[in-house]
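Starting from the given sequences, assemble the full structure and let the hints guide the process.
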Amino acid sequence: MDTVNVSNQYATNSVTERAEFGDSNTPVIASALEHANMKSLAVKTATGLGVTLVELPVTGMLVLRARDDKPALAAALKSSLQLDLPNVLASNVVVDNGKSYCARWIAPDEWLLSCPLQDAFEIEQNIRTAAGASSIAIVNVSGGFTTIMLSGNNANDVLKKSVTYDVHPSHFTVGKVVNTVFSKAQVTMRCLDTNHYEFIVRRSFADYVWLWLQVASAEYGISIEIE
Amino acid sequence: MFVIYCPYCEEHREEEEFHASGQAHLARPLDPDNCTDKEWGDFLYFRKNPRGLHQELWQHTAGCRKFFNITRDTVSYKILETYKVGESPKVNLEDASHG
Ligand SMILES: [Zn+2]
Chain A
212 MDTVNVSNQY
222 ATNSVTERAE
232 FGDSNTPVIA
242 SALEHANMKS
252 LAVKTATGLG
262 VTLVELPVTG
272 MLVLRARDDK
282 PALAAALKSS
292 LQLDLPNVLA
302 SNVVVDNGKS
312 YCARWIAPDE
322 WLLSCPLQDA
332 FEIEQNIRTA
342 AGASSIAIVN
352 VSGGFTTIML
362 SGNNANDVLK
372 KSVTYDVHPS
382 HFTVGKVVNT
392 VFSKAQVTMR
402 CLDTNHYEFI
412 VRRSFADYVW
422 LWLQVASAEY
432 GISIEIE
Chain B
11 MFVIYCPYCE
21 EHREEEEFHA
31 SGQAHLARPL
41 DPDNCTDKEW
51 GDFLYFRKNP
61 RGLHQELWQH
71 TAGCRKFFNI
81 TRDTVSYKIL
91 ETYKVGESPK
101 VNLEDASHG
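The listed protein sequences derive, respectively, from chains A and B.
The first sequence begins at 212 in my numbering and counts up by one.
The second sequence begins at 11 in my numbering and counts up by one.
Hints should not be assumed to be uniformly reliable.
Stated by the list, open to error - Pairs of lysine to aspartate or glutamate residues, derived as DMTMM-like cross-links and limited to a Cα-Cα distance of at most 25 Å, are as follows:
{"hint": "1", "chain 1": "A", "residue 1": "K387", "chain 2": "B", "residue 2": "E26"}
{"hint": "2", "chain 1": "A", "residue 1": "K395", "chain 2": "B", "residue 2": "E20"}
{"hint": "3", "chain 1": "B", "residue 1": "K94", "chain 2": "A", "residue 2": "D418"}
{"hint": "4", "chain 1": "A", "residue 1": "K250", "chain 2": "A", "residue 2": "D418"}
{"hint": "5", "chain 1": "A", "residue 1": "K395", "chain 2": "B", "residue 2": "E97"}
{"hint": "6", "chain 1": "A", "residue 1": "K310", "chain 2": "A", "residue 2": "E335"}
{"hint": "7", "chain 1": "B", "residue 1": "K94", "chain 2": "A", "residue 2": "E321"}
{"hint": "8", "chain 1": "A", "residue 1": "K281", "chain 2": "B", "residue 2": "E21"}
{"hint": "9", "chain 1": "A", "residue 1": "K372", "chain 2": "B", "residue 2": "D52"}
{"hint": "10", "chain 1": "A", "residue 1": "K371", "chain 2": "B", "residue 2": "E25"}
{"hint": "11", "chain 1": "B", "residue 1": "K76", "chain 2": "A", "residue 2": "D280"}
{"hint": "12", "chain 1": "B", "residue 1": "K76", "chain 2": "A", "residue 2": "D295"}
{"hint": "13", "chain 1": "A", "residue 1": "K387", "chain 2": "B", "residue 2": "E66"}
{"hint": "14", "chain 1": "A", "residue 1": "K371", "chain 2": "B", "residue 2": "D43"}
{"hint": "15", "chain 1": "A", "residue 1": "K371", "chain 2": "B", "residue 2": "E97"}
{"hint": "16", "chain 1": "B", "residue 1": "K88", "chain 2": "A", "residue 2": "D377"}
{"hint": "17", "chain 1": "B", "residue 1": "K94", "chain 2": "A", "residue 2": "D279"}
{"hint": "18", "chain 1": "A", "residue 1": "K387", "chain 2": "B", "residue 2": "E25"}
Said to hold, decoys possible - Derived contacts from chain A toward chain B, CB cut-off under 8 Å, selection only:
{"hint": "19", "residue": "V299"}
{"hint": "20", "residue": "L300"}
{"hint": "21", "residue": "A301"}
{"hint": "22", "residue": "I317"}
{"hint": "23", "residue": "T375"}
{"hint": "24", "residue": "T384"}
{"hint": "25", "residue": "G386"}
{"hint": "26", "residue": "T391"}
{"hint": "27", "residue": "V392"}
{"hint": "28", "residue": "Q397"}
Treat the hints as calculated values from the structure; they're not laboratory data.
The structure presented is a predicted model; accordingly, all values stated were derived computationally and were not measured.
Quick reminder that beta carbons are idealized off the backbone N, C-alpha and C, glycines included.
If you want it as structure tokens, here you go:
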């Protein structure tokens, strides 16, 4: 297989193959990095190099807010998804029938819930119904973000070059969620495992973060995978 | 470079994540329609610029986005405490500046 160094490679001219969507009634949301053409990059890179990068397909994202009625929101989330509202800088994950739901602490009165895109509306309705008349807010921000996964033996080394946050495994522990500055962009980063990290990036910052990750990872060798 | 303790995130973060928003504890006149021009002008425009201890409002803009207060020495840059909006500072500026 031909392999190329993908560092600095970006937005090839070839027409991007659109992701296949099952039924035509489903609104199509292109991922933030669709134009970077992951599919064509993925077949050109070798596997098992120091760093692996993946952009996840568009994920459902709900911003949950509650202050005085935080217990009501916690109960509603528990009853609809069996998910506990996370404490400071923490995340909680539930996998049910192959579907993954993750709640992340953002602020004392704010959480970010990710879920399969096609379920976001139903989950929002279920939480609203369960919360009844309590003062909570839910905003569907699915199209506004993208999720980039960074893994591999040198993933932590890439992180050290990119953030001022202390990412030593003893400090940036598994499950921890940190809102911080990644180079110059604001990201929500989560540690899934040693050398396995998730970045939730605003759509408008996705290019910047993607290009930065390619440059910062180049010295270790980059595998690009598609999911 | 400051390393600032965010009272909401409950850990120290680099200054890069924060934004300074000037003097803390500015009380808005309770009845703006009937206060004097001097009272309104003082609230709107006039700020302390001390050489020494100062109470400042900061925001954790890249983190939890919450506002909180800092008691800081403008000479040494030492941060004596950070505390949530609505809480009272533990450091008394009068006592500390004479001590
Ligand atoms: Zn904070």
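Evaluated hints:
| no. | hint | result |
| --- | --- | --- |
| 1 | A/K387 / B/E26 | holds, 20 Å |
| 2 | A/K395 / B/E20 | holds, 23 Å |
| 3 | B/K94 / A/D418 | violated, 36 Å |
| 4 | A/K250 / A/D418 | holds, 16 Å |
| 5 | A/K395 / B/E97 | violated, 32 Å |
| 6 | A/K310 / A/E335 | holds, 16 Å |
| 7 | B/K94 / A/E321 | holds, 17 Å |
| 8 | A/K281 / B/E21 | holds, 22 Å |
| 9 | A/K372 / B/D52 | violated, 46 Å |
| 10 | A/K371 / B/E25 | holds, 17 Å |
| 11 | B/K76 / A/D280 | holds, 18 Å |
| 12 | B/K76 / A/D295 | holds, 23 Å |
| 13 | A/K387 / B/E66 | violated, 29 Å |
| 14 | A/K371 / B/D43 | violated, 54 Å |
| 15 | A/K371 / B/E97 | violated, 35 Å |
| 16 | B/K88 / A/D377 | holds, 22 Å |
| 17 | B/K94 / A/D279 | holds, 17 Å |
| 18 | A/K387 / B/E25 | holds, 21 Å |
| 19 | V299 | holds, 5 Å |
| 20 | L300 | holds, 6 Å |
| 21 | A301 | violated, 11 Å |
| 22 | I317 | holds, 7 Å |
| 23 | T375 | holds, 4 Å |
| 24 | T384 | violated, 12 Å |
| 25 | G386 | violated, 15 Å |
| 26 | T391 | holds, 6 Å |
| 27 | V392 | holds, 5 Å |
| 28 | Q397 | holds, 5 Å |
Against the hints set out earlier in the document, violations occur for numbers 3, 5, 9, 13, 14, 15, 21, 24 and 25.
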